[in-house]
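Q: If you read the sequences in order, they're chains A and B. All residue numbers for the first sequence refer to our numbering, where the first residue is 1 and numbers rise by one. All residue numbers for the second sequence refer to our numbering, where the first residue is 1 and numbers rise by one.
Just so you know, these hints were derived from the structure itself, not from any lab. Using N, Cα and C, we set each Cβ at its ideal position, and we do this for glycine too. A couple of the hints might just be wrong.
As the list claims (entries may be wrong) - Every beta carbon over 10 angstroms from chain B, so not counted as near; a handful from chain A, in silico:
| # | residue |
| --- | --- |
| 1 | P8 |
| 2 | K9 |
| 3 | T15 |
| 4 | Q17 |
| 5 | T20 |
| 6 | D26 |
| 7 | R68 |
| 8 | L69 |
| 9 | K70 |
| 10 | N73 |
| 11 | L75 |
| 12 | S80 |
| 13 | Q85 |
| 14 | S94 |
Said to hold, decoys possible - Listed next, the stretches of chain B that the computed footprint assigns to chain A, with coverage defined by at least 3 CB atoms under 8 angstroms from CB atoms of chain A:
| # | stretch |
| --- | --- |
| 15 | 24 to 38 |
| 16 | 44 to 56 |
| 17 | 97 to 111 |
As the list claims (entries may be wrong) - Distance condition first, Cα-Cα at most 27 angstroms in a straight line; then the derived BS3-like pairs of lysine-lysine:
| # | chain 1 | residue 1 | chain 2 | residue 2 |
| --- | --- | --- | --- | --- |
| 18 | B | K42 | A | K9 |
| 19 | B | K98 | A | K70 |
| 20 | B | K98 | B | K42 |
| 21 | A | K9 | B | K98 |
| 22 | A | K57 | B | K98 |
| 23 | A | K57 | A | K71 |
| 24 | B | K98 | A | K71 |
| 25 | A | K57 | B | K42 |
| 26 | A | K71 | B | K42 |
| 27 | A | K9 | A | K70 |
| 28 | B | K58 | B | K69 |
| 29 | B | K69 | B | K42 |
| 30 | B | K42 | B | K58 |
| 31 | A | K9 | A | K57 |
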Amino acid sequence: NAGVTQTPKFRVLKTGQSMTLLCAQDMNHEYMYWYRQDPGMGLRLIHYSVGEGTTAKGEVPDGYNVSRLKKQNFLLGLESAAPSQTSVYFCASSRNTGELFFGEGSRLTVL
Amino acid sequence: ILNVEQSPQSLHVQEGDSTNFTCSFPSSNFYALHWYRWETAKSPEALFVMTLNGDEKKKGRISATLNTKEGYSYLYIKGSQPEDSATYLCALRHNTDKLIFGTGTRLQVFP
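Isolated chain A (complex conformation):
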């Protein structure tokens, strides 16, 4: 079983460039989340979705946009990347309010 799959796994961007991270889950989960992990700061919630067509802001949403057009996919977009967005990004999904299942992470470097 694939579970939660994130693409790409690694990416290097220049300041001002845009990109999209794709998260796909095959568990028919309602809830999906995007977190970023930075040293000493744990996992911080960027945006989340409680169902197809819905999105909501988390703790650190500025500079990011998301879309949940299909239940199995949750896209995270950076319109104009900044060095402060250098981080490891984790996607997760859950069956409603249950435990989270995480992807393997995507390491993004913004130069």
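Chain A is fixed; fit chain B onto it per the hints.
A: Chain B only, in chain A's frame:
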């Protein structure tokens, strides 16, 4: 702003020692408290999801308790082994939607 605090930040113990960590959270609008285990170079994996005041859960040598009235949860590891070395994260689900993580307790168990 939800503030989920974990202590200690890091812990070094000898193989065979028992240990425990604390997760503190605001008790208002509580929905659920999660514990995750995060090994280096892997993704977080769920240990427990706890919802009721007084809940106690156990998985092997690891157990957890929950006090929603005073806003804390304890994670216990009995007879620590080197393979228990990981970062242990707690997360608060507030009002059935967003899941906010603490910064974690990093445990190192020395043989």
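Q: All hints are to be evaluated individually against the structure, with a verdict given for each.
A: Hints and how they fare:
Its beta-carbon lying about 16 angstroms from the closest one in chain B, A:P8 satisfies the requirement of being farther than 10 angstroms from that chain. At roughly 12 angstroms from the closest C-beta of chain B, the C-beta of A:K9 stays outside 10 angstroms, upholding its exclusion from the interface. Every C-beta of chain B lies more than 10 angstroms from that of A:T15, the closest at about 28 angstroms, which supports listing it as non-interface. The non-interface label for A:Q17 is consistent with chain B: the shortest C-beta to C-beta separation is roughly 27 angstroms, beyond 10 angstroms.
Non-interface call for A:T20 relative to chain B: holds, since the shortest CB-CB distance, roughly 21 angstroms, exceeds 10 angstroms. At roughly 16 angstroms, the least C-beta separation between A:D26 and chain B is larger than 10 angstroms, which holds for a residue marked as non-interface. Annotated as non-interface, A:R68 keeps its C-beta farther than 10 angstroms from every C-beta of chain B; the closest such distance is 14 angstroms. Distance check on A:L69: its Cβ is at least 20 angstroms (rounded) from any Cβ of chain B, clearing the 10 angstroms threshold; non-interface status holds.
The non-interface label for A:K70 is consistent with chain B: the shortest C-beta to C-beta separation is roughly 20 angstroms, beyond 10 angstroms. In this structure A:N73 is separated from chain B by more than 10 angstroms, as the shortest Cβ-Cβ distance comes to about 18 angstroms. Against chain B, the non-interface label of A:L75 holds: every CB pair exceeds 10 angstroms, the least being about 19 angstroms. The beta carbon of A:S80 sits about 25 angstroms from the closest Cβ of chain B, which is more than 10 angstroms, so the claim that it is off the interface holds.
Under the 10 angstroms C-beta cut-off, the non-interface status given to A:Q85 relative to chain B holds; the minimum distance is some 19 angstroms. A beta-carbon of chain B is positioned within 10 angstroms of the beta-carbon of A:S94; the least distance is around 8 angstroms. Against chain A, the stretch 24 to 38 of chain B contributes 4 residues with a C-beta closer than 8 angstroms to a partner C-beta. That satisfies the three-residue criterion, and the hint holds. With 4 residues bearing a CB less than 8 angstroms from a CB of chain A, the stretch 44 to 56 of chain B meets the requirement of three and the coverage assertion stands.
Only when three residues or more bring their CB closer than 8 angstroms to a CB of chain A does the claim for the stretch 97 to 111 of chain B stand; here the count is 8, and the claim holds. Under the criterion of a C-alpha separation no larger than 27 angstroms, the hint pairing B:K42 with A:K9 is consistent with the structure, at around 13 angstroms. Between the alpha carbons of B:K98 and A:K70 the distance comes to roughly 20 angstroms, so the proposed pair stays at or under 27 angstroms and holds. Distance hint between B:K98 and B:K42 is fulfilled; the C-alpha atoms sit about 23 angstroms from each other, no more than 27 angstroms.
Restraint check for A:K9 and B:K98: the C-alpha separation of about 25 angstroms stays at or below 27 angstroms, so the hint holds. Taking the CA atoms of A:K57 and B:K98, the gap is about 9 angstroms. The hint holds against a cut of 27 angstroms. About 18 angstroms separates the Cα atoms of A:K57 and A:K71, which keeps this hinted pair within 27 angstroms; it holds. For the suggested pair B:K98 and A:K71, the alpha carbons sit about 18 angstroms apart, so the restraint of at most 27 angstroms is met.
Restraint check for A:K57 and B:K42: satisfied, since their Cα atoms lie roughly 26 angstroms apart, inside the 27 angstroms limit. Distance hint between A:K71 and B:K42 is fulfilled; the C-alpha atoms sit about 25 angstroms from each other, no more than 27 angstroms. For the suggested pair A:K9 and A:K70, the alpha carbons sit about 21 angstroms apart, so the restraint of at most 27 angstroms is met. Annotation: proposed proximity of B:K58 to B:K69 holds, straight-line Cα distance about 21 angstroms (limit 27 angstroms).
Distance hint between B:K69 and B:K42 is unfulfilled; the C-alpha atoms sit about 34 angstroms from each other, more than 27 angstroms. Annotation: proposed proximity of B:K42 to B:K58 holds, straight-line Cα distance about 23 angstroms (limit 27 angstroms). This hinted pair checks out: A:K9 and A:K57 have alpha carbons roughly 24 angstroms apart, not beyond 27 angstroms.
Taken one by one, the earlier hints fail for this structure at numbers 14 and 29, listed in ascending order.
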